[in-house]
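A.B. asks: Take a look at the letters that make up each chain.
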Amino acid sequence: MRRFFLIAIPYGWLLVLFLIPFVIVLKISLSDTELAIPPYTPTLDLSQGWSGIREFFAGLDLENFVWLTEDDLYWKAYLSSLWIATISTLLTLMIGYPMAYAMARSPEQWRTTLMMLVILPFWTSFLIRVYAWMGILSQEGFLNQFLLWIGVIDTPLTILNTNTAVYIGIVYTYLPFMILPIYAALDRLDGSLIEAAEDLGCSRLMAFWLVTLPLSRPGVIAGCFLVFIPALGEFVIPSLLGGSGTLMIGKVLWEEFFSNRDWPVASAVAVVLLLILVIPIVLFQRNQQKQQEAEQ
Amino acid sequence: MTRLSWFNVVSLTLGFAFLYLPMVILILFSFNESKLVTVWAGFSTKWYGELLQNEAFLDAAWVTLRVAVFSSTIATVLGTMAAYVLVRGGRFFGRTLFSGMIYAPLVMPEVITGLSLLLLFIGIGLDRGIFTIVLAHTTFSMCYVSVVVSSRLVTFDRSLEEAALDLGCSPAEAFRLVTLPIIAPAVISGWLLAFTLSLDDLVIASFTSGPSSTTLPIKIFSSVRLGVSPEINALSTLMIAIVAVGVIIASLATKRAALQRQREERLAVQT
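One line per chain: the protein sequences are A and B, in this order. Residue numbering for the first sequence follows the UniProt record's numbering, starting at 1 and increasing by one per position. Residue numbering for the second sequence follows the UniProt record's numbering, starting at 1 and increasing by one per position.
Here chain A stands alone, though its shape is the one from the complex (with noise of 0.2 Å):
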């Protein structure tokens, strides 16, 4: 009895809080906006019987996913996003990786602080660290009032309200779950397989290339989806550094739902967006899966 209620409670609460909210917005993807209250049809009428329910199922059909298809603006916010959370990853992956490299190889004493210093930012307010580039990237912000200071500029960049500023923002939010996973990945490497490389006559970057980097290819993998997934679904980040040329799938679903107030297509949206998630998210449980085989 304690065991069903051990069960039951959490079980009971992801269902009506996680799937059923999941499976309303399938269905309402596939209902027609109305300008009614709720504004879309049809709407599911018990009362009827089974006449009500027959009706309610003849209702639903695909012309949301057809409208996205059509409509220029969606398919180029998805191929933007895309391309946005991919640059970011490599950017991440190519700061990311030299830091961990260097902390897996200082000396144990320090380890421990500087772990706590990769990890400090990440409980710091998300909003606050994407509103402090904020300053920092303006016109008369902090790195053009640098720059022009050093005499390498004339005039102020444009960079907030760019591409570019995104790609800082994400690459700056999610560098710690790059430098985690590389580092455990680098710190579980065993120092004596790169002096025998060396021994054998490899330079140290031969020794590198041929060592280290592919035994450190899981945590590198693991990084990039912990940095890519979250990315491609990002709101905050472009909505506040990026300008309004920054098309991200997001953006778009957050204005779709609250500027357009059309609920069919946002649900639409958000489907889509998880059935592109799905193919990152299983290559990602796969390489964690095949990481903890191996460990054991």
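The calculated label-pair distances, taken between Cβ atoms and stated as ranges, are:
| id | chain 1 | residue 1 | chain 2 | residue 2 | range |
| --- | --- | --- | --- | --- | --- |
| 1 | B | LEU28 | A | CYS202 | 46 to 54 Å |
| 2 | B | GLY129 | A | TRP209 | 54 to 62 Å |
| 3 | A | PHE146 | B | LEU226 | 19 to 27 Å |
| 4 | B | GLY89 | A | PHE146 | 53 to 61 Å |
| 5 | A | TRP209 | B | GLY42 | 51 to 59 Å |
| 6 | B | VAL269 | A | THR113 | 24 to 32 Å |
| 7 | B | SER5 | A | GLU140 | 33 to 41 Å |
| 8 | B | VAL10 | A | ARG286 | 29 to 37 Å |
| 9 | A | THR158 | B | ARG225 | 13 to 21 Å |
| 10 | A | GLN289 | B | LEU97 | 17 to 25 Å |
| 11 | A | GLU140 | B | GLY89 | 57 to 65 Å |
Hints were generated in silico from the structure; no laboratory data involved. Beta carbons: idealized from backbone N, C-alpha and C, even for Gly.
Fit chain B to the supplied structure of chain A, relying on the hints for placement.
C.D. replies: Quick look at chain B alone, frame taken from chain A:
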């Protein structure tokens, strides 16, 4: 390993500068006299004063705090239960679905979670307010708690529990006297994680809040959209300071607890 090369030192220095300089600049400029955020005009704490007079911010902070306390506490209870079920529950009907629902919210884009919960609340005619934000936050943060707690439960030596049962404890007593003290650090860090996630959340709260329940991130977001302001800098500095103090206290406490445990283990070996 070997000594650091110059390349390692440079990448660490630049990397940490990149991580911390933006926050340092933000904190410095919160003490700026001028209304212009990027021009230094002398030291002043006047923005902190104005912040404390701003009732909209104070109200929002109070709403956020209540939501965070309630949602993280419920999430800790539910998440610990879920972790226990997943690690110790054995087989039961729909176990795969259950573990799927625990992991899915971790990778679900916030906009989708928010949208789907809002549609549920509207569908069942629930008025949006603090209560609905608490429900929403509990749902996603219980999954984080469950991941943290189950990673501790997996490494836990089961024979300790069995010994307690052999010595006459009821299962509930064994849980309270043996299991809970051992997983307590994980439960506490799960609670802290849930608490900060709730404090921090903008997107899900925007979907599930009503007109009378504006949280601090929603308030910050709407004023930041218009541009940088010294008041928000002051508010951010306060929030960074609170987090820094909290993290330092937590790390000192865990360090002391670890030392204590080592001492006790040494004593146990000697006797």
